[in-house]
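There are 2 protein chains.
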Amino acid sequence: MLAEIITIGDELLIGQVIDTNSAWLGQQLSQNGIQVKQITSISDDAKHIVSALDEAKKRADIILITGGLGPTKDDITKNTLKGYFKMEWRTDEEVLQNVFEIFKRFGKETTEINKLQAQVPDKCIALNNKNGTAPGMWFDVDGKIFVSMPGVPYEMKGIMTESVLPMLRKKFGLPTIIHKTILTQGIGESMLAEKIEKWEDALGVDKIKLAYLPSPGIVRLRLSMEGNEKDEMMKVINRKVEEVMPLIKKNIFGYDNDTLEKVVGDLLKKENRTLSTAESCTGGLVAHMLTSVPGSSEYFSGSIVSYSYDVKTIELNVSKKMLEQFGAVSEETVKQMALGVRERLKTDYSIAISGIAGPDGGTLDKPVGTVWIAVAKEGFVFAKRFQFGDNRERNILRSSISALAMLRKMMIGELDD
Amino acid sequence: MLAEIITIGDELLIGQVIDTNSAWLGQQLSQNGIQVKQITSISDDAKHIVSALDEAKKRADIILITGGLGPTKDDITKNTLKGYFKMEWRTDEEVLQNVFEIFKRFGKETTEINKLQAQVPDKCIALNNKNGTAPGMWFDVDGKIFVSMPGVPYEMKGIMTESVLPMLRKKFGLPTIIHKTILTQGIGESMLAEKIEKWEDALGVDKIKLAYLPSPGIVRLRLSMEGNEKDEMMKVINRKVEEVMPLIKKNIFGYDNDTLEKVVGDLLKKENRTLSTAESCTGGLVAHMLTSVPGSSEYFSGSIVSYSYDVKTIELNVSKKMLEQFGAVSEETVKQMALGVRERLKTDYSIAISGIAGPDGGTLDKPVGTVWIAVAKEGFVFAKRFQFGDNRERNILRSSISALAMLRKMMIGELDD
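For the protein sequence lines, the chains are A and B, in the order given. Take any residue in the first sequence, note its place counting from 1, add 1, and you have its number in the numbering used here. Take any residue in the second sequence, note its place counting from 1, add 1, and you have its number in the numbering used here.
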């Protein structure tokens with residue numbers, strides 16, 4: 002089954018907006034066993050839309066179109082599709098009802114122009130858009146499926162998830178594909194591949210596919226399986242996850258859409274414990290990541306971002322003598338920082354980070370990318386040295402991720418390397 | 002002059018990687034007076050590359066290709082182009098020299114496979130890639146220009162800026178286009194448009210085009226002008242910038258590639274002053290933004306992220322009584338926070354933020370999105386209430402930007418609203 006994606010909008014061609022819709026659609030389609038043949042971005046121009054549709058239907062069975070659907074002048078896509086398929090207008094009652102409801106929710110009158118949103122080409126199926134007024138449209142012509150959706154990402158995603166994907170599965174009798182993603186931290190792609198080589202080789206027996214998805218500090222392992230018996234497949238995949246666990250137990254921190262800050266937050270909530278951080282080179286990023294999770298005030302008390310020597314000594318009780326002897330980026334200092342912030346902010350746990358993010362500040366002994374991270378709890382403190390690269394932004398991000406991972410390991414009693 | 006962009010790579014079609022190259026290329030081309038007609042993403046497949054090239058050259062004069070250039074199996078694009086243009090191989094000495102140098106820099110031997118990077122189709126111009134080993138390639142065939150570049154963004158950008166854009170300007174005798182971007186904060190797009198309406202209307206006289214580029218908290222105004230006399234045009238544009246200044250003086254914080262954190266940092270460096278922050282709802286984001294600027298340790302001392310009541314009282318000297326009487330999100334508390342952190346961290350200036358980022362915690366009086374921001378200096382403290390929306394992530398970002406903007410206004414003596 003082949004699909005193509007056509008995204009419409011001058012803003013894409015002049016680079017004012019990055020086309021994130023296509024990547025999301027590509028993920029969804031490939032995860033459902035539909036191969037994307039081509040992605041095409043074109044301007045808001047009827048002629049160009051028609052030629053793109055002509056080209057796409059030669060190559061693919063499914064053509065997904067986003068953009069160019071809006072209340073007035075933006076309706077170029079809808080008008081072009083009506084002409085392309087030689088249809089008439091009709092008013093869709095369900096869409097009209099949705100338009101009324103949305104305007105009512107914002108306490109506004111529905112104008113005549115707004116009501117035009119419910120006007121669609123007569124032989125299309127209108128797809129309800131619960132996040133906006135412009136409906137999606139499904140055309141089934143000569144055995145090819147054309148779907149048009151608004152360009153606003155969350156509107157498009159809603160229509161896709163609730164209508165288009167289920168309808169495509171039904172129409173083409175697509176096999177069920179299930180996915181399970183294992184999230185790992187603290188191990189590079191090649192080392193990971195080496196550790197799980199035998200397990201990976203055996204995945205073929207159950208026709209399970211594996212994809213490595215790396216990002217700074219984190220590698221995701223996505224298992225995919227195709228078939229008809231969802232429950233049975235889920236059992237097989239879960240067994241495979243169990244099998245790989247002992248090989249990389251220390252590196253796995255979650256599954257699917259988990260994030261490290263969410264996983265750590267859930268652990269803290271469950272244990273009813275509190276956390277504080279003392280951040281030097283990460284400059285507050287760990288606190289920002291933790292507080293990006295709604296409800297984090299339940300367990301996160303705060304942070305002391307100590308960018309200067311003075312703040313380290315005044316706020317974190319790091320002794321001047323020690324700073325002079327060992328330097329700010331040292332095991333001694335980072336341990337003192339973790340103990341200091343835990344005591345000051347009266348929390349159960351604490352994290353401390355001190356390092357050289359770059360581009361300046363490196364020495365022979367401690368080159369750019371040298372980072373010390375410590376975690377502490379009642380009567381216990383542990384620190385470890387990391388050596389990252391020479392990119393400031395990545396060093397700050399990788400330090401923050403490593404710090405959250407270290408806290409998690411301490412909390413689950415896995416801290417030993 | 003019409004151009005098309007073809008990006009090659011399976012990872013784009015399955016949505017593993019978002020195609021940011023196309024947006025950047027679209028910006029560069031349109032800023033140089035070249036209109037982008039279509040962007041096409043295709044798989045690493047010779048047949049598909051050939052048909053995409055055939056289609057593109059029907060519509061455009063310039064075809065830019067990225068991706069599918071690499072040391073071994075990835076060389077599908079190079080091989081396909083050689084066949085497409087019926088050329089032979091030649092070894093480019095300059096590229097070979099570059100390959101040797103890059104491997105030498107990393108202390109590695111150049112293998113035979115690496116040397117293959119210098120092999121290019123004989124009638125193309127090889128474009129040096131100072132950030133990597135795969136060269137760009139320029140083909141001038143039947144009056145159409147085809148350029149192939151690696152898919153790694155910073156390699157592509159280097160080749161584009163140093164070779165492709167100057168060569169395109171020369172080849173097609175493109176007029177010079179100059180741009181100047183005015184960065185504004187604290188004013189929405191429509192209000193901004195109203196304030197500068199007359200000025201905007203008069204831009205046409207000098208054939209200057211204006212684009213509004215909004216992002217959370219910031220609106221950029223980009224002026225563009227086409228012509229031949231660069232110095233003369235620069236004078237005209239600068240005069241227009243001078244003219245608009247009095248209308249929106251309070252909102253302008255910089256030009257072109259400035260960021261608020263960089264502008265504030267430069268001011269602090271110039272004045273030889275220090276800064277600290279006390280952050281509640283922003284959870285460390287202001288500190289993170291400030292410390293993302295290299296060298297920020299010169300002026301940024303640190304931050305106290307006070308997510309709990311306790312931290313506010315212990316670390317920031319906010320009185321419990323006041324917290325109980327006025328609440329954490331109040332003028333009184335945020336002023337105390339600003340004064341408290343300035344005193345504790347012994348800095349010249351301070352910023353404090355306290356608000357309700359959401360989704361929970363809102364009340365009738367103080368709905369989600371209510372944020373108090375304060376700035377302080379010797380003998381002075383000022384606070385203002387902001388009302389943002391209901392999206393947690395955007396509220397945190399807009400609060401942080403507004404806080405940096407408020408500090409800047411205090412520093413330049415423009416604080417009066």
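FYI, nobody ran anything at the bench for these hints, they're computed from the structure. There's no promise every hint is true.
Because identical chains share one entry, a pair is satisfied inside a single copy or across any pair of copies.
[Said to hold, decoys possible] Derived BS3-like pairs: lysine-lysine, alpha-carbon spacing no greater than 30 Å straight-line:
#1 K158 <-> K231
#2 K271 <-> K124
#3 K321 <-> K270
#4 K131 <-> K105
Taking the hints in turn, this is what the structure says about them:
Only within a single protomer do K158 and K231 lie at most 30 Å apart by alpha-carbon distance; the minimum there is 24 Å, versus 46 Å between protomers. For a Cα distance limit of 30 Å, the shortest separation of K271 from K124 qualifies neither inside one copy, at 53 Å, nor across copies, at 67 Å. Only between protomers do K321 and K270 lie at most 30 Å apart by alpha-carbon distance; the minimum there is 26 Å, versus 36 Å within a single protomer. In this homomeric assembly, K131 and K105 come within 30 Å of each other (Cα to Cα) only inside a single copy, at 13 Å, whereas the closest approach across copies is 58 Å.
The structure fails hint 2 only (numbered hints given earlier).
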